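Asker: Could you put the whole structure together from the sequences, leaning on the hints where they help?
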Amino acid sequence: MSSLAQSQLRETFELNIGPQHPATHGVLRIKVVMDGEYIDRAEPILGYIHRMHEKMGENRTWNQFWPNMGRLDYLSAIAYNHCYAGLMERAMGIVVPERAEYIRVITAELNRIQSHLLGFGAYIMDLGGFTPLMYAMDEREQILDLLESVTGSRLTYCYFRFGGVYNDIDDDFITGTRAFLKRFRPQIPMYHKLVTGNVILMNRLIGVGPLSAEICRKYGATGPVLRGSGVNYDIRRNEPYSVYPELDFDIPVYHECDSMARYMVRMDEMLQSCRIIEHALNKLPEGPVMAEKVPKALKPPKGDYHYAVEAARGTFSMRTVSDGTNTSYRMRLRSPTYSNVSLFEEASRGMLLSDALAFLGSLDPVIPEMDR
Amino acid sequence: MDRAKIKRELEELAAEGLPAEQPQEEAPVEVQAEGEGEDKAKAKKEEDVPRKNGLIETDYATRGAHLDVQINPDQVVRAAEILDSEGMTLELVTGVDWIKEGQFEVIYDYSYAGGQLFRVVVRARVDRNNPDIPTVCHVYGGANWHERETWELLGINFVGHPQLEHFLLPEDADFYPLRKDFKP
Amino acid sequence: MTFGLACCAIEMLSAGCARFDLSRFGAEVFRPSPRQSDVMIVAGTINKKMLPAVKILYDQMPEPKWVIAMGNCAISGGPFVFPGQYNVVEGADSFLPVDVYIPGCPPRPEALIEGLLELEEKITGHRRWPRVKPETAVKG
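Protein chains in written order, with my numbering: chain A, 10 to 381; chain B, 307 to 490; chain C, 2 to 141.
The reader is advised that the hints may include incorrect statements.
What the hints assert, rightly or not - Some chain C residues close to chain A (C-beta under 7 Å, calculated; not the full set):
(1) C18
(2) A54
(3) Q61
Claimed, not checked - Per label pair, the in silico range of CB-to-CB distance:
(4) A/P297 / C/T125: 23 to 33 Å
(5) A/E301 / C/D60: 30 to 40 Å
(6) A/Y47 / C/D60: 27 to 37 Å
(7) C/R32 / A/E223: 36 to 46 Å
(8) A/F22 / B/A479: 45 to 55 Å
(9) C/F83 / A/V104: 51 to 61 Å
(10) A/P76 / C/Q61: 32 to 42 Å
(11) C/E136 / B/A479: 48 to 58 Å
(12) A/Y47 / C/R132: 52 to 62 Å
(13) A/K302 / C/R32: 26 to 36 Å
(14) B/E317 / A/E157: 20 to 30 Å
(15) A/Y175 / C/R129: 36 to 46 Å
(16) A/T140 / C/E136: 56 to 66 Å
To be verified - Below 25 Å or equal to it, Euclidean Cα-Cα: the simulated DSS-like pairs (lysine-lysine) are:
(17) B/K358 / B/K406
(18) A/K40 / C/K49
(19) C/K56 / C/K134
(20) B/K489 / C/K49
(21) B/K406 / A/K311
(22) B/K486 / A/K311
(23) C/K49 / B/K486
(24) B/K358 / A/K311
(25) C/K123 / A/K40
Just so you know, these hints were derived from the structure itself, not from any lab. Quick caveat: nothing in here was measured; it's all calculated off a predicted structure. Every residue gets a Cβ at the ideal spot worked out from N, C-alpha and C, and that includes glycine.
Answerer: Have a look at this one:
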């Protein structure tokens, strides 16, 4: 067949997967050039929820920037709080009391479980199954009750302060958390029985969206995306912060590099978070929850500072340039979803459209943290 | 990943980019009363001296990185290749607007995902009126989006970038919001 | 219509799920398509880039239609308004006729339910669930 005839056969059309999504990922627009059912080129277009967090970092004082940290990735807000607190404590040399560190870890891990539950529920809803969302949200409500009794908010937490946490946990929280862990642990095998063994799910996830470790490295993908491709990289182990070195947990790594591997990494991480919480509760020391002598108006010394934590979606890090005043000169936020979704364009070439959406869901994007 | 090799190669790269030796200019020291006057003059002297190209080993516990290299803008691709060959990941590209000095600074954050903890920061300064810097997105695909965003928010031109289009802002935006002289 | 833009979308989702069941008020059906919906719940921050999309979706809804502005961002721009801001639209009511405002950042799912009951009262004239007076907190 002549090349002219071949090119006439191959007709592409443009499709817009618009900013208004039925799924809860948020407002992501993907401009897709399709060749029949296969994707020729997919281009994610961001910016529909760009809320100027970096500009606000320059306009707000260090203390006034706290609420922003809860609204970046609202599902994993405590990890973001943790990064900001750690960044300023590193810059000012503030030492956090041990009880506060343990409370931080316990709340952060509860938040991680909650984020993975919602990610799991929303992902299966994307693929067409509505039931797991109901189950997952029910577990999530139990965690939100616990966290609300301590922090005061259900979703966008603003719980940490420079030097510790602002509210101590009480015995009700501790007994409630232990009861929750006891109830939650047997639920994970139930989810596996309900969902993971389902033949439709297996057909939709196994082999879909293969991501080699090399492409993850080139694009800076981290978190469950990287761990599903066989690379054992977790900030809690590789660049330890807070009291994670003293706690006992494993990092789940799967080598299949497909969407099923990423899904399994998240499910296993929930179990590991349960282990962390239990160990931390057993080791929880008495003491103050706030460092003494933290200045009200912070003025960190001039220069750059950098801090990284493991949020639910990957490495979240902040780089701030301080000029010695009470606002930052430049606040840069590196969100994990930004790097994870940046490889969508390259990785989705030649995929079926439905596979591409399953792949996007397995990256677990939260769009407001991508747009900042 | 060979830390010593990275350090050596980056040091050589930075040394290549240094301008020819110039006689050191004395920063003006005002004659003031002792004690406080001395401290003030010392601080002023430290402030005024811009950082020269070169490698510094920073304290991880305070700064969050192990090596900090300042190089010329035209050397950033070579630095990226050095770090790529040792298996490092490019995590972040930041642009900073130093309006008082009339420069933009582009900061690249590299990290290692293979086991050891190692973070390298590479900096380059460009002139504010002519902010051209070559792109590293052919070495690291992840730099594509980071550079696009830095262009959009600050106006730093990444030469060779395949798609410097509007990204986070609406398509018809004609301003650079993160510049210090931006007025909405 | 589920118009979950940001954090408030998660509270809207929670309101639809088992604990704060919206379906007991007959409001369970969340339709992604504007052609089949009566109410648009604007949950989240509206951007200047997103503004045309929201307007088009509103125009595509068939009459009679109502709008609920959920969350501080939809009411007035929320915590993202500061001098020098360049991207956030200060409130859904700057370009849409809003019927009910639900404050909060994010508002609790119970607040969303209350907002829906308010809308019902506005439309039909009577309220199907009694109004609960908040207890006075200060004693003695």
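Asker: Hint by hint, note whether the structure agrees.
Answerer: Verification of the supplied hints:
1. C18: 4 Å, holds
2. A54: 5 Å, holds
3. Q61: 11 Å, violated
4. A/P297 / C/T125: 23 to 33 Å: Violated: the Cβ-Cβ distance is about 56 Å, outside 23 to 33 Å.
5. A/E301 / C/D60: 30 to 40 Å: Violated, since A/E301 and C/D60 (Cβ atoms, about 59 Å apart) do not stay within the stated range.
6. A/Y47 / C/D60: 27 to 37 Å: 34 Å, holds
7. C/R32 / A/E223: 36 to 46 Å: 43 Å, holds
8. A/F22 / B/A479: 45 to 55 Å: Check failed, 29 Å falls outside 45 to 55 Å.
9. C/F83 / A/V104: 51 to 61 Å: 33 Å, violated
10. A/P76 / C/Q61: 32 to 42 Å: 34 Å, holds
11. C/E136 / B/A479: 48 to 58 Å: 50 Å, holds
12. A/Y47 / C/R132: 52 to 62 Å: 56 Å, holds
13. A/K302 / C/R32: 26 to 36 Å: 56 Å, violated
14. B/E317 / A/E157: 20 to 30 Å: 53 Å, violated
15. A/Y175 / C/R129: 36 to 46 Å: 41 Å, holds
16. A/T140 / C/E136: 56 to 66 Å: At 38 Å between Cβs, range violated.
17. B/K358 / B/K406: Holds, at about 17 Å.
18. A/K40 / C/K49: Satisfied, since the Cα-Cα distance of roughly 19 Å is no more than 25 Å.
19. C/K56 / C/K134: Distance of about 37 Å is beyond 25 Å: violated.
20. B/K489 / C/K49: 17 Å, holds
21. B/K406 / A/K311: 15 Å, holds
22. B/K486 / A/K311: Since the Cα atoms of B/K486 and A/K311 sit roughly 18 Å apart, the hinted pair holds (cutoff 25 Å).
23. C/K49 / B/K486: 22 Å, holds
24. B/K358 / A/K311: Since the Cα atoms of B/K358 and A/K311 sit roughly 17 Å apart, the hinted pair holds (cutoff 25 Å).
25. C/K123 / A/K40: Violated, at about 40 Å.
When each numbered hint is compared with the structure, violations occur for hints 3, 4, 5, 8, 9, 13, 14, 16, 19, 25.
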